[in-house]
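Visitor: Add chain B to chain A, keeping to what the hints say.
As they're listed, the protein sequences go chains A and B. Going by our numbering, the letters in the first sequence line up with residues 1 to 639, in that order. Going by our numbering, the letters in the second sequence line up with residues 1 to 910, in that order.
These aren't lab readings, by the way, just hints derived from the structure by calculation.
Output of the computed footprint for chain B on chain A, the stretches with three or more beta carbons under 8 Å from beta carbons of chain B:
#, segment
1, 470-479
2, 508-520
Over 12 Å on every C-beta distance to chain A, these chain B residues come out as not near it, computed from the model:
#, residue
3, 134
4, 241
5, 483
6, 557
7, 605
8, 606
9, 668
10, 702
11, 729
12, 753
13, 776
14, 855
15, 864
Every residue, glycine too, gets a C-beta built ideally from N, C-alpha and C.
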Amino acid sequence: MLKLSFEEIQNKAQTEWKDFCAKTRILVGAATCGRSAGALNVLNTINEELTKHTIDAVVTQVGCIGLCYIEPIISIAKPNEPYIFYASLTPELAQQIIEDYLLKGNPRPDLALGTVGNKGVKDIPQLFDLAMLKPQVRIVLRNCGFIDPININHYIVNGGYSGLIKALDMKPEDVIEEVRKSGLRGRGGAGFPTGVKWGFCRKAPGKEKYLVCNADEGDPGAFMDRSVLEGDPHAVLEGILIGAHAIGATKGYIYCRAEYPLALERLYIALGQMREYGILGDNILGTDFSFDIEIKEGAGAFVCGEETALIASIEGRRGIPRSRPPFPANSGIWDKPTNINNVETWADVSVILQRGADWFAGYGTENSKGTKTFSLAGKVKHTGLIEVPLGTTLHQVIYDIGGGIAGDKRLKAVQTGGPSGGFIPPELLETPVDYESLTRLGSIMGSGGMVVADEDNCIVDMARFFLTFTQSESCGKCAPCRVGTRQMLDILERICRGEGEEGDIEKLQHLAETVRDSSLCALGGTAPNPVLTSIRYFLNEYEAHIKEKSCPAIACKELVSYYIKPDNCAGCMICLRNCPVDAIKGDKQMIHVIDQEKCIKCGTCLDFCPSRFSAVAKVSGVLPDLPEKPIPIKKQDHI
Amino acid sequence: MGNILLTIDGKEVEVEEGVTVLEAAKKSGIYIPTLCYQSSLSPFGACRLCIVEIENMRGFPSSCTTPAADGMVVHTNTPKIQELRQGTLELILSEHPYFCTICERLERCESFSPDIQKTSVVAGCHTCPKKGKCELQKVVEYVSLNKFSLTYYPRELPRMVDSPFIDRDYNLCILCGRCVRVCHESIGVSAIAFTYRGPKALVGTAFGRSLQDSGCQFCGACVDACPSGSLVERAARYEGVCDKSILTTCPYCGVGCQLNLEVKNGKVIASVPSEDGVNHGLACVKGRFAIRGPIYHPSRLKSPLIKKDGKLETATWEETENLIAGKLPSYKGDNFALICSSTCTNEEYYVAQKFTRVVMNSNNIDHKSYRQSHSPSVLSLKQSFGSPGMTNSLNEIGDAACILLIGSNVSSDNPIIRAEIKRAVDKRAKFIIVNPQSIDLCRFAYSWLQILPGSDIAFFMGMMRVIVDENLADWPFIEERCDNFDAFKEALNTITPDFVEKTTGISWQQIIETARTYAKQKPAVILYGTGITQHINGIDNVLTLCNLAMLTGNLGKPSSGIFPLEGENNAHGAGDTGATADFYPGYQPVNTETSKSEFEKAWDCTLNSKPGLTFSEIFNAGDQQQIKALYLIGNPIFNQPLPDNLRQRLEKLEILIVQDCFPSEISQLADVILPTSTFAEKDGTFTSAERKVQRVRKVIEAIGNSRPDWQIICQLAEKMGAKGFNFDQPSQIMEEITTIIPDYNGITYKKLEGGGLQLPCTDKDHGGTQILYGDKFANGKAIFSATKYKPPTELPDENYPLTLITGCSLYHLYTKVLTSKVRGLEALSTEETVEINPYDATNLGITDGDAVKVISRRGELTVCAKVTEVVASGIVSMNIHLAESLINPVIDPASGIPEFKICTVKIEKT
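One chain only, chain B, in its complex shape:
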């Protein structure tokens, strides 16, 4: 599209074709008042304030809906327009408590407002939650409306406080429709809509139900969109305007949303999604409403604790450090282990692994979510393409022509990606879901393939068989850029339609159609989650997907590639910085002499050559008493009562150090507890799933006597006489990291001010890498793998006839450490259920809501049954954080990942 030239208020403006008159005016610095306009939404034209006069055009078109055209002459501020705007605004205000906007004492009311705002009904400025941020006030000022002669129509509706987080006061609603549109267009949830018509028209839920009953996912986009105070965050309702707002990175999932934390009087009052990040002004319930809760939770650990006579007692940092520094040296070597959690920054992972390796001379360091969801991706992507991590970037998903989503319930696991998928679907992309369970996004899907759990390899091999047989493969790409195709082809030849149908439960015809769709609609992306990795054959699963992308040439181009979706924050950073048992920083294998000597040189020390124990091994090793000293950073155990065997193992430890924000079942067993600061109280960086290093910024002072993890570790190391831990600032740690990890070479905190850098970023002028493998693969060529289907370790039998699959709740994140500290989230997910198909339920005599016992070979749980068709017959489903005691602990030896996704159970009615 070319550029066009138009004249606005006598000013010549050059804009791109396709923009609206309003956008053109904005671009040239001309203000046109608006209320219903929001740049991220499609034009609506409802408030009629942005009307303009355009020469040779009839009437008064709304500038937000009128496309700018070449040679157009626009007047935005004629007396007639101002008169009409005044008239319209007066009409809008006649449905809104308007007195504040035209009050003659407007300037003087500031000092009174905090007290009077606490009344229950909004009657004017003093009680308005939007005070100071009200867009109506701004418009009134511009239009210079200073009298009001119409009848005021108060709606006299009760304020709706029946849902967590969001208060709705439709007495203030001006029907701009921004909330409705953002919910429908951007999020695709459509929980709210316009109701009724004429003077009764308003915004509401279906049948006037509460938000949670209408499918709302509490992302808060409506609250951010509301210009009038009709929708507000309950917790921030009376907080007023913030003093400052600081940009930081969300600590929840791997998407890496950018959030502005609003601070008033040194306290975080709200979290508002930033327009600039990957999230483009959106957030999910956790990023939007679950930020404050954990920071200010009353249970926060505020002081170090030392166990004396079986009781944890408050101690000073000095005492605690002395105690640890005195005890730890005797556990140097393989008797020591350290486990990190996802609350840590890259800098903290780095010093933690350095501490373990250099000070404690052990490779027994691991990271829960790296190990238990991400490690197969790292190994497989490295094997196939030469480096781990997402091949492309999240914001490319919206421009793909085909999306293949496997083993992830995006709406719960990474809600922001839902918006990207919605964007693609709106542009008519073919959206294919492969999942044994019906997920929320199925409503947008072009097709949903309900495969049998664990049959992914058979399914994708079937697809690839079709692609090869029907000559839909990208032969030049395979020829030029890939290796090992023949071995792969051989493996493919063993795949028969019959085998695929029997293994996956999907008809061959459907496989053919899916294969054709994926192969023909280019560019195509593959999105996968833990449904792929958390299997005994997780590595092969990922390798198979890599094959699929290679086969169709969907690599190295925009909106193509492979997207491992990470459930927990900064699992990627943990891998990069070497907080894992098998790799030094930069994925240098621990078990090779070259990398060992390289790091010995870099750190000026002697390293242990024995590969470390992985997460599960560390706990299991407790049995053999190999691990005598365990250092836990964060809480890696599901937030449940500890299973007896684990408790016994932990009790056998000679020293257990817990470094966490909150007390837990585990910390009760600790010998020493070190209180750490949350993400809002420290500086550092997180690396998101799209390989993007982004800043975490210190927003408030540390709560109580807590300290950031990096500081605790460094001080401890120094106390133990170690060198190389003399850091005053995380930025200094990053400086060291950049010299150690080649992909981080070009990263500085200063450069990160510009909004994050995607790895690899190899030198100081490097702007980061959005798409990997554009020219060449890290190893030169991409490598096909001959993968083979392997059945799950447990298959249903007479005694355990049902297959249990696990998922994730939107309102919790894995261990629930943070989310359990937010009352609203708890309220939204009070009842834990096992989902069971009506057919199975009938056979077992179970009705919806019954309490049932779910029994596996390892344990049993009593939960409420939810009879639903989202699962097929023979399958039951639970949330992972609940089901841990049931799942199969068998581990893939290569990646160390347990088979979380599948085990067999029986269900009995209690």
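Excised from the complex, chain A in its bound form:
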């Protein structure tokens, strides 16, 4: 092991960084999101091109900068030049850019997205001036996309581990006070003040104490924690060390789901590097502070994100929650005091110590300080990972950052907090995003899922979707959650099928209240939120399903019908030939008719009907008067 002082480590990192910056650098966004968009193919092409043209450049895989809708993204910087970002790359485009920029000196402003660096490049805007990035404040994501996540020196050069150094110089109580002063609240979703939580664990009697980083991100569509772990693992690890010092913990666990192989790989590498530098293990950086971290791979149960279930899982037991008290702060892993925070909280901690509580508290609102990451998904133009100061309104998030609704459709609702959260209607869009405001609306902050629904989304169907998830992820321990969610799902499925009955809404509400109030843990306690909020804000949609057997969004398959408009049909037989079940009757020059009994509502006829005719219609509810069998087309109707 190298026995270096932190100053020596910093100098070493500085030298390496200088060498790095002295070269031409190509950063490839190769986190999971980039990879699924084809970043590794782009990477291969770049390497081939560099070899082919014998260009001396460093190619580095970096984390995600959050612009998921235009992945894969690369950025290129020549020595002393700013980074130029290129998005939506294909291997061909990458080849082109390498040749044009690195061989011929043409930065291709037509392909470039923006620049990052002091100097600008002609005809290319500054990246952070882009509409999607401008309102964002990147604290947690500060390094994501800009440093090599498997190189600890990159992190250190960018201020990394200076927070730990600062904390080690402070008394543990003062560190806790600093965190408390920053106003940081748990980013896992519950929003409990982090400093207060640490204080409980610090005060709990016992020599052995444990720390846990909860990286069991399980909400469908949420990927905040994954991005941080893949793009900047040390930010999280530094936070954990600071917490360990503050609380007096002896051992830490990172509980990360096994479905995050890249994040795990990068964590393992990071831990190795920390050990090498003496930042982990016995007598960290020559102090008498000793601490070690172990990674526990979870098997992908949503419920293991719940503190007590997570503890059970770490201990090797079935991941089921237990009642509190005793709280983990007093009796957690192996019955020892245990403090659990989520990935984002830990990443916030390191920056709070690096830059001070006041600086952090400068962002956000009175009661919700700092920033929060969200995975913005659904029907917005710019989907991706974002970070905004708390207090930013939903409107700003959806319309400024998200660029508005895709296809310029009408917004129907925004759903925050994943399957445990609720729907918020357009009229409440000016609500600031903070813990209390969202709770008031019946939703929650959650860990940062944000799904935007447009007019084509059926709200009942969406509630059904989220409940399908929670009911199958219920651990099955307590009856209200296990059976209650199942009964509720049963009713929702019936409603979506058009089999809803009078009284179903009341029954749903009653069940939802039983589940919410009687369940053992927060999974059950929050599982009814999508149903309760959708009934609260979109009662008319439920009623339409139940009373009129129609789906206003024309989305619920069983309530949708297709028919051929007699006035538009040209008798071309295209739809008839493509119908997979021969449900369309007709002949040349005859108006086609869909046999509703046979129709499986696959939508093929709608897709195939030439747009100049637009003769197939999709409706929900009662059909207009239509010919019962094919009849000849009236000549004058047709061109």
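Guide: Below, chain B without anything else, positioned relative to chain A:
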């Protein structure tokens, strides 16, 4: 911990700190409905019915998991809570055939149920095995749920009947988890667990295997825990609710579990472990499921039989008694011998030995399991501490800081003690196992020392050498309370690390660590079984353990001391009551003139001064024709075809009287057979291994024309003109015993109603003795013994290269007399095996499952080979009841115990 005061439903309740709100409510008589709660298990909080409102606390906490706090104000029955409970209960019922709980004709269905219950699928009350005992029905009534508006989700699973004893019908499961938790927490077997999640969540075994394949030991705790009828005892499935339930003592091992025998229409329908006894609501497979089988076995002897012309023919009691009374007088003196078995009560042992000594003027009385497993303990404990028997009590084991377990596979031999060990291990006690064989409990062990068979003395002397050398001994204790330390020290000085390593096969480093652990973790208990006693040097083995306890001062304090574990029931009582060749009642030696004259006075007779023959000697004496009349009570021979030499000896007897519940190979040779009653048909007492005298109660009338042993003996004695046998009730015999044995002085049946008394119980106000030697040892001081290692009589050589060690099966008890009468037990242990290490197996060309011949100098057996690493190379292992023809009959002259544990064999592939 102090007391706290809280208010529940306006009522002030004072409870100890640390109890839950639910327990506090229960204590103050307030009912809160529960389904997943069981007092012996840790709180679970799954059924959500026990929710309450607590002022200044968010939401609706479950009272079973919430600790009561000072000043707490709790409401258990607000309208909101009732509404939530109704909602939750409705949800629970939507997964359970619920119609019975809300049926408007609930009261009227009673008369129909017995007939309709016999359908295969549970569809409601009529077919439910839990009918009348269903906790759901009780809760529904309290919560006053009377409508049901949800979708019913039948699981439509087949009933699982693939295991003996227990039927599993998960259509009735409400996932309260009591079965899973009792199996995991109390028993430590973890054969069942929750499976899947969400709506598929259920209880099951790993990979859906049968219970026996998942490690289940069929203790039945899950069945007793199940509130919904999902788990039921197959045999009792359709029996319904019992008329009465009578507390009695289990007749199997020496633990002395308290069982409630449920009786309906004069018939035992089930055995349910009692909450109050040493077993705390638990039992093992034998106590739980093997009680009914023997009682009602069709082979039960129901009438006396007399051999006429070589054939056994039915006779009346009168005829039989006349026959015996006519013949026996001519065998008075040393030609007569009587052997008792473990099915007898203390009262029966007493009259049997009195009959032998007073009427037959012989000391040739002995008891198989006393002689063959327990006698070295009696002699050694007496020698070291002044009185025989366990120094402490079984329920103290769970609070020990260190447990040293030697020569016993507790999970098979005394399964209930496993729960105590589990309790200690859960509290982080250091659990050390010394055994040549890997046993089931090794999974909980802090360390397991696989010593070479028969090297115990070397091992413990090594440990004690370390304790002395490292100054870890309890010097003040030795100084004040022990004698003869110097002689012991001298013996210890001859022990060298080299010798110990070579003899035991354990590295000196491990000996050092074990010694330090045992010496430093206090209080520490020593548990040992037949692996210690059934050796030629059994006495020295026990003495060595006594030395170890003395050396560390682990005596006379709670959760310390020495625990001889007894495989068979009431071996302790046999010793106490003098049913042994060498002692009168109360361990008064037969060979001293003072005790002889004392008993002559007490019994008003002249006694034979010649010490009696011990168990093995009685059979061997047959050769010399000393014994001409043999009286066998119970079947002392392993339940195997009789070896030829034994058959010849028995055939040479002039009269063989067999008094037993069941016919056997031996009874075929008998001249007279007397049918006896089982433990369920008689009153009396058993004395358990922890010196506890407990009641055996008459639960049902005697089967057939059988009679209890005491009655048969007393009537015979009277017929033979003897005085002092005029007893109408066992309690009268106990009255006599209490005047004869000082330790029993304070015992009366009335006092025993309170749940048993531990000996000594010296006067009528004495409450029994939980811990011996608190103030002083029976002889004043404890005495160190200078023991010396002696190798086993047979050591492996070229011809017999393997060492055979013997053990016991969970599903059988020694001679299998009772257990072979239970079909389920037979099913669980169909295949008898010899366990052999893979290394040896490979050398011999044996693969798992091969039929092999195990050959010793005395005999051979063909069994199935089980290739396993539970035994080390060079060692093979078999069950004792199987291996009897192979074992070395050499006997320790002092205790009369044969070297059952070790002999050498060779194995050949057939």
